[in-house]
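Number of protein chains: 2
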Amino acid sequence: MCEVLRSSFEALFPSIEKAIKQADFVAIDTEFTGLVTDGQNRPSLFDTSEERYRKLRNSVTHLSVRQFGLSAFIKDKNSSGYEAHTYNFPLIPASFGPVDSCYIVQASSTEFLCRFNFDFNKCAYEGVPFLNDVQERLLCQSIDSGALFSGLERQFDESFIQSVCSTVAQWYVSSTVGQTLTLHKTHADAKLWNDFVIQTEVRKRFPEVWTMTDSFQNIAVMKVTPERRSELEEKAKVDREEEQEKLKQSLLGFTRVFRVLREYQKPLVGHNMLMDLLFLYDKFFQPLPADYNTFKRNLHDLFPRIYDTKHISFSMRKMLEAITGTFSTNLVQLYRILDSERATISTRFMPKVTHAKGFERYKSQDAPHEAGFDAFLCGYAFVRICHLLRFRDSTLDRGRASSACPFNMYLATMAPFCNRINIIRATINHIKLDGKDPPSLRPEKLIVRCRKRGRRLNIQQLAEWLSPYGTVDVRLLTPQSALVAAGNFSCAKAIMAAFKGHQHILVTKYRFWKHSQTAKIILWGGLLVSGGVCAWAVLSILKNSDS
Amino acid sequence: MCEVLRSSFEALFPSIEKAIKQADFVAIDTEFTGLVTDGQNRPSLFDTSEERYRKLRNSVTHLSVRQFGLSAFIKDKNSSGYEAHTYNFPLIPASFGPVDSCYIVQASSTEFLCRFNFDFNKCAYEGVPFLNDVQERLLCQSIDSGALFSGLERQFDESFIQSVCSTVAQWYVSSTVGQTLTLHKTHADAKLWNDFVIQTEVRKRFPEVWTMTDSFQNIAVMKVTPERRSELEEKAKVDREEEQEKLKQSLLGFTRVFRVLREYQKPLVGHNMLMDLLFLYDKFFQPLPADYNTFKRNLHDLFPRIYDTKHISFSMRKMLEAITGTFSTNLVQLYRILDSERATISTRFMPKVTHAKGFERYKSQDAPHEAGFDAFLCGYAFVRICHLLRFRDSTLDRGRASSACPFNMYLATMAPFCNRINIIRATINHIKLDGKDPPSLRPEKLIVRCRKRGRRLNIQQLAEWLSPYGTVDVRLLTPQSALVAAGNFSCAKAIMAAFKGHQHILVTKYRFWKHSQTAKIILWGGLLVSGGVCAWAVLSILKNSDS
Chain A
1155 MCEVLRSSFE ALFPSIEKAI KQADFVAIDT EFTGLVTDGQ NRPSLFDTSE ERYRKLRNSV
1215 THLSVRQFGL SAFIKDKNSS GYEAHTYNFP LIPASFGPVD SCYIVQASST EFLCRFNFDF
1275 NKCAYEGVPF LNDVQERLLC QSIDSGALFS GLERQFDESF IQSVCSTVAQ WYVSSTVGQT
1335 LTLHKTHADA KLWNDFVIQT EVRKRFPEVW TMTDSFQNIA VMKVTPERRS ELEEKAKVDR
1395 EEEQEKLKQS LLGFTRVFRV LREYQKPLVG HNMLMDLLFL YDKFFQPLPA DYNTFKRNLH
1455 DLFPRIYDTK HISFSMRKML EAITGTFSTN LVQLYRILDS ERATISTRFM PKVTHAKGFE
1515 RYKSQDAPHE AGFDAFLCGY AFVRICHLLR FRDSTLDRGR ASSACPFNMY LATMAPFCNR
1575 INIIRATINH IKLDGKDPPS LRPEKLIVRC RKRGRRLNIQ QLAEWLSPYG TVDVRLLTPQ
1635 SALVAAGNFS CAKAIMAAFK GHQHILVTKY RFWKHSQTAK IILWGGLLVS GGVCAWAVLS
1695 ILKNSDS
Chain B
1155 MCEVLRSSFE ALFPSIEKAI KQADFVAIDT EFTGLVTDGQ NRPSLFDTSE ERYRKLRNSV
1215 THLSVRQFGL SAFIKDKNSS GYEAHTYNFP LIPASFGPVD SCYIVQASST EFLCRFNFDF
1275 NKCAYEGVPF LNDVQERLLC QSIDSGALFS GLERQFDESF IQSVCSTVAQ WYVSSTVGQT
1335 LTLHKTHADA KLWNDFVIQT EVRKRFPEVW TMTDSFQNIA VMKVTPERRS ELEEKAKVDR
1395 EEEQEKLKQS LLGFTRVFRV LREYQKPLVG HNMLMDLLFL YDKFFQPLPA DYNTFKRNLH
1455 DLFPRIYDTK HISFSMRKML EAITGTFSTN LVQLYRILDS ERATISTRFM PKVTHAKGFE
1515 RYKSQDAPHE AGFDAFLCGY AFVRICHLLR FRDSTLDRGR ASSACPFNMY LATMAPFCNR
1575 INIIRATINH IKLDGKDPPS LRPEKLIVRC RKRGRRLNIQ QLAEWLSPYG TVDVRLLTPQ
1635 SALVAAGNFS CAKAIMAAFK GHQHILVTKY RFWKHSQTAK IILWGGLLVS GGVCAWAVLS
1695 ILKNSDS
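Residue numbers (our numbering), protein chains in the order written: chain A, 1155 to 1701; chain B, 1155 to 1701.
In case anyone wonders, no lab produced these hints; they're calculated from the structure.
One thing to keep in mind: the hints can contain errors.
If several chains are the same, the list does not tell them apart, and a pair holds so long as it fits within one copy or across any two.
With a cut-off of at most 35 Å between alpha-carbon atoms, the simulated DSBU-like pairs for lysine-lysine come out as follows [said to hold, decoys possible]:
(1) Lys1339 / Lys1391
(2) Lys1606 / Lys1590
(3) Lys1276 / Lys1402
(4) Lys1506 / Lys1517
(5) Lys1400 / Lys1511
(6) Lys1276 / Lys1517
(7) Lys1209 / Lys1276
(8) Lys1590 / Lys1229
(9) Lys1209 / Lys1420
(10) Lys1506 / Lys1172
(11) Lys1654 / Lys1358
(12) Lys1400 / Lys1276
(13) Lys1209 / Lys1358
(14) Lys1402 / Lys1209
(15) Lys1377 / Lys1647
(16) Lys1276 / Lys1339
(17) Lys1606 / Lys1358
(18) Lys1472 / Lys1358
(19) Lys1647 / Lys1590
(20) Lys1472 / Lys1586
The whole structure should be built from the sequences, with the hints applied where relevant.
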C-alpha cells in the first residue's frame, strides 16, 4: 500500500495514473463520515430501488468521504498472476474562497472508525482535497474574476493581512524607486501566511510597488516606477495564470484521480458498493440527480463495467460451500475463504496475487476498514472468483488455464454479474445499472393484527417477538395492525408457523388478507371519500370492525 | 491547565465541581465544528438582533462543539489575587443507541483549527460526550424500556453478537447445571466487545443461564436452574439499575459540568461570547427556542450574570490607550495590553493571577485557540479590567485596594456591563440579555445608484471600491441601485466624501433618498397593487425612471 497525502500527491500522481492505465481492473473502497443523516433515511425491507436511491441521495448529498482506497490490478509479466498497486487516500473537502463545504458527521460512524484506529488528524492535516464539477466551476470563476481578493469572499485572517499592509504603508510613504522592503515570515505567523494572498493584496493596494518571494521564502516589496509596474504586471500575467492553474490543480486533488479512472474506463470492482458509487458520483463528478434512472444512465456512461463482489458471492454460495465447507459474504471472511488452501488447490493454476514492489505494507499487516486494504481484499477476491467461475465446473479452456488466462476471458465469464450492484435490506437484492431492475424475490408481506378488539399493538414488543426468526421490518398500519416485511422465505414461513394460534396476535399473508377485506373496503368506500378522513383513520376503522 | 479526557472524566469530576463551587467567577470558551452552515446565515451589517439570532440558531442547531474551556477563578488565600483552575475538555457528541448525533463540519473551520495544531484524534478517541435534555430523555427511555436491546435500535456489530450467541448455543444444548462457559475477549475482537450488550443479549436468549464478568474481564456463562435464574435476576435488577445509571452518567459527560455551572450560577465571563452562549444552551441544555426573547429570558434564568470582555473592552478604549498607548479587542492582544508592565503599575495593588498548583501548563506555553487557554486569557483580562475600572479613575475605596478587593465590589463596578453581549457586524454592537436591546448606533444606510441610465451596478466592483473605507455590506436593490451599510460613522462619511461627483455612481443617504422618492412612489403606487408585480420589479422601475 502507498499512502497518498496532500504533501505527496503531486509527486505520486503520475505513478497513480500509470497504474490505472496498465490495470486490468481497479478495485475501490470508500470510508464515509456517516451512513444516514436521519432516521427516515434508514434502509428498510419495504424500500423499492427508487425509494432506496432517494434515501441514499438524501444522505450522501450531505455526508462526505474520509478515505478512498484504490487497488489497481496489473497482470504480472513473470507469472500468470496479478500485482496489486494499492493506494490509500485520506480525503478532506477542499476549502478555499467560496468553496467551503459543510458536511455532516454521524457520531456512530466516528465511533466505528475509532474501532479500527482511524487517523482523523491525517485527514485534517494531510487529507487530499477534492471538488465536483459544480464546485470546480465556482472556484475557477472566483479565481479568474479576482472576487476572492476583492474583500468580499475571502476567509483569511483579515487582521493579519491588515497588519502586513500597514507595515508596507509605513515604508511606502518614505521609500524611493529601487528600495526594497522584506516581509519576514516568522515562526509565529507562518500559519497565517499565504504568499499568494499577501502578494495579490499588496500589489492591489500599492500602485508603485512590485512583490516577489526571495530564496528564503520571504516576500520582497520593491518600489518601482508606474511604467516598470505595467511591464512587470504584463509579464506576471502569464506567470499568474500558471500559478492559478497550479492552485486549481492542487484543490482539484483526488478528483484528478477520479478523472483518470473515468478516462480509461477500466472495470471497477467493489464490495457492497452502492453507497461508494453514489459518493463517487456526488463528490468527484456532479451532484446526484433527483431521478434514479438518470443516475443509473449517467453512471453507466461513466463506468460501463462495474462488478460487486458481494452480489457475486451470494450467487456462489453452493460452489464455495462445496469447496471450503464454509460461506460468508462479509469481505474479510470472503477473502479468507478464497485465500484458503482448499480454495487455492480446488482449481488448477489459480492465479497468484502479490503486492507490487513498494506497495507491501498490507503483506505483513491487516488493516480492516482502511479503504486501501478493503479495496485490495476486494480485488483479490474478484480475481479468485473469476478463476473459480471460469474453470471450476467446466472442462472449457482447461488448456488455457495452464498459462495466464486473458482478462477478457474472465470478463466473458463474469458477464451475468456485470453492472449488478448489491442492495441491502430492500424489496430486491440487487439493482441493474444498465437495464431494468430485477423483480422482487422477497416473500410477500405479512399482516399482524391483535386478536382482541380494542387491544393495541406494541411495535417494539412485536419486533422483539419476530426478530429471532430473521431480518424483519415492521410498519404500524393502525394501532391494531402492522405490516411485516421478512428478509427471506424461510423467515416468513417460520413466523407464520410460530404464531399460528398465538394468544394475542394473528399473522396472515398480505394478499390473503387484502382479498378477504375487499368486500368490506367497498362497503366502507363511501365513508372514505365523503368523510375525507385520512387513510390511517379509515384503516383503523376497518381493523376495529374486523377484530 | 488540566486536560479532561473521556477516560479521566469520572476521576476529575469532583475536583471540577469543587473548583466551580469555590470560584468567584468562571471564564469559558468554546471551539466549534463550524461558524455558518450556509451563505444565507452569514452575519451582515443589515441584521437586527432578532435576525441575527435566527441566523445563528440555524447554524448552531446543526453544528457541534469540539472543545470547551473553563477557567475557575478562585480567590488566593495568601495574596490579594486569584488562582485559576483551568480545564480543557475535548468534546464529542454522545453516540449510543437512539442517540446518534449528526452534526455539520465546515471545511474552513477544520482548516482554521489545523493552524493552531488542534488534535482531532483526541476528540474522536478521548472526547468527553454530552447530551442535552431532549437527548438525555430519549436515551433514558431507551435504556429503561430495553428497546436498545430488542434488536430494533442498537447499532453494535450484529454479526459479532450473533457469533458469540452461536458459541453459547452450541455449549448450551449439551451443558448441565453448574457448568460454565468462558467467553474470552481476544485482542482481535476487543473493539467489538461490549460487556453490557453481550450479557444482556445472552441472558435474554438463554433462559437457564446466568452471566458475569470474571477477574480477567472475560464473560462467564453458567448453566443454572430456572429457580436460581429468577433469584439471580431479582438480585441483579438492583445492580442493573446501578449499571444503567453509570452508563447514563458516562454518556451525560460534560453536561454534568454544565449542570454544576447552572447550579452555582457563578458569574460567567467570555470574550465575544454570543455563539458560545448559543452552543451552551443548545448542546447541554435544550434545543434553542425559535423565539429570540424566549432564548434571552431562559438564558438569563440559567445564568443571571454574564460578562463579555469584548463588549467591555470597546468601552475602555480611551482608558487603555491612556495607560498603554495601544488598544485592541482581539483576545490575545487585549491580554497582552492588560498584562503589560504599564497596565500593572498604572493602578495600585493590581491583583495577581496565578495558575493553581497542577494547572501550570499555560504558564510556559501559549496555546491560542485552545478553549482552555482562551478561557484563561479571558478570565485574566476580566480581573484586570475589574480592578482598573474600580480604582483607576477614582479615589473611592483607595484603602480597600490595598488589601484584596471583595469580588462583590468589582461586580458593583461592572454592573453597567452585566448581561451585555457583543454582537459583530449587525445593526447594534451588543445585545442585552435582561432587557430590551439598545437602539442602533450605526450610521444610516447609504444608497448607491448608477449615474447613467440603463447602466448596471457590478456589486463586486462596488464592494471593492467601498471596502478600503472600512467594513461595509452591500445589498443590491435593483440592477441599478444598492443599499450600503457601513460599520461606523467615519466610514460612511469617508464614502460620501470620496464618491462625491464620482463618474459612475451617486451616493446618497438613505433617508434623504427616501424623502425625494416619496412623490414618485405615490405615483407608481397604483401599478404596484394592480399589477401585482413583485417589489423587486417595482423598485427597478423606480430606479430607471430616476437615473
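Looking at the structure, which of the earlier hints fail to hold?
-> Violated: hint 2 alone.
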